[in-house]
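Asks: Model the placement of chain G with the ligands on the given structure of chain W, informed by the hints.
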Amino acid sequence: MQPPSPTGEPRGAEMKVVVNFDLCESNAVCMGIAPEVFEVRDDDFLYVLQEEPPEELREQVTEAARRCPKQAITVED
Amino acid sequence: MVDPVVVVGASLGGLSAVDALRAGGHDGDVVVLEAADELPSDRPPLSKQVLAGTMEPAAARQPLAARLEELRADVRLGFRVESFDVATRRIRGADGTELQASGVVVATGAAPRRLPGPELAGVHVVRTMDDCLALKADLDRGPDRVVVVGAGFIGAEVAATCRELGLEVTLLEGAPAPMVRVLPVEVGSFVADLHRSHGVDVRLGVGVDGLEADGDRVSGVRLADGTLVPAQVVVVGIGVVPSTDWLTDSGVPLGNGVTCDETCLAAPGVVAAGDVAEWLNPHFGERMRVEQWEHAIEQGAAAGRRLLAGDGPGEPFASVPWFWSDQYDRKLQMAGRPSATDEVHVLEGSFAEQRFAVAFRRGDRCTGVLGVNRPRHVVQARMRLVESLDWAPIEELFS
Ligand SMILES: Cc1cc2nc3c(=O)[nH]c(=O)nc-3n(C[C@H](O)[C@H](O)[C@H](O)COP(=O)(O)OP(=O)(O)OC[C@H]3O[C@@H](n4cnc5c(N)ncnc54)[C@H](O)[C@@H]3O)c2cc1C
Ligand code: SF4
Numbered sequence: 000m001q002p003p004s005p006t007g008e009p010r011g012a013e014m015k016v017v018v019n020f021d022l023c024e025s026n027a028v029c030m031g032i033a034p035e036v037f038e039v040r041d042d043d044f045l046y047v048l049q050e051e052p053p054e055e056l057r058e059q060v061t062e063a064a065r066r067c068p069k070q071a072i073t074v075e076d
Numbered sequence: 000m001v002d003p004v005v006v007v008g009a010s011l012g013g014l015s016a017v018d019a020l021r022a023g024g025h026d027g028d029v030v031v032l033e034a035a036d037e038l039p040s041d042r043p044p045l046s047k048q049v050l051a052g053t054m055e056p057a058a059a060r061q062p063l064a065a066r067l068e069e070l071r072a073d074v075r076l077g078f079r080v081e082s083f084d085v086a087t088r089r090i091r092g093a094d095g096t097e098l099q100a101s102g103v104v105v106a107t108g109a110a111p112r113r114l115p116g117p118e119l120a121g122v123h124v125v126r127t128m129d130d131c132l133a134l135k136a137d138l139d140r141g142p143d144r145v146v147v148v149g150a151g152f153i154g155a156e157v158a159a160t161c162r163e164l165g166l167e168v169t170l171l172e173g174a175p176a177p178m179v180r181v182l183p184v185e186v187g188s189f190v191a192d193l194h195r196s197h198g199v200d201v202r203l204g205v206g207v208d209g210l211e212a213d214g215d216r217v218s219g220v221r222l223a224d225g226t227l228v229p230a231q232v233v234v235v236g237i238g239v240v241p242s243t244d245w246l247t248d249s250g251v252p253l254g255n256g257v258t259c260d261e262t263c264l265a266a267p268g269v270v271a272a273g274d275v276a277e278w279l280n281p282h283f284g285e286r287m288r289v290e291q292w293e294h295a296i297e298q299g300a301a302a303g304r305r306l307l308a309g310d311g312p313g314e315p316f317a318s319v320p321w322f323w324s325d326q327y328d329r330k331l332q333m334a335g336r337p338s339a340t341d342e343v344h345v346l347e348g349s350f351a352e353q354r355f356a357v358a359f360r361r362g363d364r365c366t367g368v369l370g371v372n373r374p375r376h377v378v379q380a381r382m383r384l385v386e387s388l389d390w391a392p393i394e395e396l397f398s
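Those protein sequences? They're chains W and G, same order as listed. Start counting the first sequence at 0; every next residue gets the next number (numbering that gives the first Met the number 0). Start counting the second sequence at 0; every next residue gets the next number (numbering that gives the first Met the number 0).
Check each hint, because a few of them may be wrong.
[As the list claims (entries may be wrong)] Distance ranges between label pairs, derived from CB positions:
(1) W:Arg40 with G:Ala65: 46 to 56 Å
(2) W:Arg57 with G:Asp215: 51 to 61 Å
(3) W:Glu62 with G:Ala64: 14 to 24 Å
(4) W:Thr73 with G:Asp244: 35 to 45 Å
(5) G:Ser387 with W:Glu62: 18 to 28 Å
(6) W:Thr73 with G:Glu55: 11 to 21 Å
(7) W:Arg40 with G:Leu132: 32 to 42 Å
These are calculated hints, taken from the structure and not from any lab test. Built from N, CA and C at the ideal position, the CB exists for glycine as well.
Excised from the complex, chain W in its bound form:
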C-alpha cells in the first residue's frame, strides 16, 4: 500500500488520523462512514484526505476506526 497523500489543510485540530497501510485492505468501509476523510480511488488505494480533520468530524472518524475490519485506523489526540 502507498502512503497517504497529505492533501487537506490542517486546521489546528488536535485529532490526527493515522492509517497503518500494512494492515489496510482498501475495503473502503471507512469511506462509507467518513467520506470527507477517507477515499478509496480507482487505483484501489486508500487516500487520507485530511490527516487532521476538524473536530466536527470526530464522531465519524472514530466510528470509521471502530468499524475498520483490519483495525488499521488510529485516532491520536
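Replies: What follows is chain G with the ligands alone, placed relative to chain W:
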C-alpha cells in the same frame, strides 16, 4: 443483588453486545460464557492470511480483544452452556454450574457441517484457529492434491490459498455453479472461472459419495458418478449450522437459528445476534440470517441496546449487510441481500477483466451490489441502499 447479564459466545456478536451495554450505561455485572478454551480468534484470516502463513496466529485478533478490560466483563473460557430456561432465565453449564441471568445475549454463532462417516486424518473444516493450524500443518506436509468439498465463500477462499501455496487443488460443488442458492448464477460462474484461470480443477454439479481411506487417513474422495479423486487432504466447506443445541428445550423460538423480531428480541429478556440469529430486517421487509463479519458486530450492538430498552419497544435493527471475500488478488465485496433469481446488471467493468461492479434487481428494487476489485463502488452503492432500496438511484450512481 441484581443478576448479571449473561452473554453466551465470546466472538464478534457477543463482545459487541457487551460493548453496547457499557456504552449505553449498563453498570451491572456482565458474564460472558465461551465454550472454547481461548478467546476466539478473528475468523476471516483463518481461510486467508493465517492459512497462507502471511499472518502470525497471534495477530488474528477480534477487534474488541484489545479492549476486554475496559468492557469489565467476567469472561469465562472453557464454559460450555448446556441448557437454558427462558421462564426462569437459568443457565446451566456442561459441568453442572448454574447461573441466574437478568438478561441473555445469544451469540453462539454457527458450526461447520461435516460429511457423514468416521473421522479420518487429513479431513478438515475451518472455523477456529485450531482448525486452521491443523489444516496448515497438513498442507505443510506437501500433499499431492487437496480436494475442497463445497464452493461457498470459505471453500473458495481455502482453494485459492492452497493454490497460492503451489498445491494442486480440486474444487467440488454439488450445484451447477458455486453459491447458486444465494446468488444469481452469473456470480457463481465468475467464481468458478476465476478458480479455473488459476489452475484449480473445478468440478460442478457433482455429488460426493464418500471418502476413501488408507488406514485412518483419507486417501481420496469418491464422487457420485463413481470417479475417485485421490487426495491426502480434504477440506469440507459445505456450510454451517446455527449453534442452538443448548436452546432446544429452553422455550426460545427456534427455526433457521434463533427466531427474533425486528429488534433482535427472541423472548422477554433474551436477544440474539450474529450467525445464530434470524431476524426481521425492516429495511428489506424480509427475515434473514446473515453469516458475515461486520453484521455480527452491528447486530451484536443492536442486541445489546435492545436489552437495555427492557420492557420498552426497542429500536428496529435495519441493515444493509456488507461483506468481503479475498480470493487470489481479487477482492470481492457485496452490499445488500440479493436472491438467486434477481436480475444481474453490469454497472462497471466486465467479468472478462475480473474487475467489475454488478447490481441485483428485483422489480423496482436494488437488492444488492457486488464488486470485484471495486471497493469504492460497493461502498458508495451501500450508502445509497441504506437510504432506500430504489433501483433508480443506483443506476444513476454509475451512469
Ligand atoms: C474461515 C472463515 C472465514 C471468514 N471470512 C469472512 C470474510 O472474509 N468476510 C466476512 O464478512 N465474514 C467472514 N467470515 C464470517 C464471520 O467470521 C462470522 O460471521 C462471525 O465470526 C460470526 O460471529 P458470531 O459472534 O455470530 O459467532 P462465532 O464467531 O461463530 O462465535 C460463536 C462463539 O460461541 C461459542 N459457543 C457456541 N456454542 C456455545 C455454547 N453452548 N456455550 C458457550 N459458548 C458457545 C463458540 O465457541 C464461538 O466462539 C468467515 C468465517 C470463517 C469461519
Ligand atoms: S476500513 Fe480499514 S482496511 Fe478498509 S480501507 Fe479503510 S482503513 Fe483500509
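Asks: So, for every hint listed, does it hold in this structure?
Replies: Each hint, compared with the structure:
{"no.": "1", "hint": "W:Arg40 with G:Ala65: 46 to 56 Å", "verdict": "30 Å, violated"}
{"no.": "2", "hint": "W:Arg57 with G:Asp215: 51 to 61 Å", "verdict": "58 Å, holds"}
{"no.": "3", "hint": "W:Glu62 with G:Ala64: 14 to 24 Å", "verdict": "19 Å, holds"}
{"no.": "4", "hint": "W:Thr73 with G:Asp244: 35 to 45 Å", "verdict": "40 Å, holds"}
{"no.": "5", "hint": "G:Ser387 with W:Glu62: 18 to 28 Å", "verdict": "22 Å, holds"}
{"no.": "6", "hint": "W:Thr73 with G:Glu55: 11 to 21 Å", "verdict": "20 Å, holds"}
{"no.": "7", "hint": "W:Arg40 with G:Leu132: 32 to 42 Å", "verdict": "37 Å, holds"}
When the structure is compared with the earlier hints, a violation turns up for hint 1 alone.
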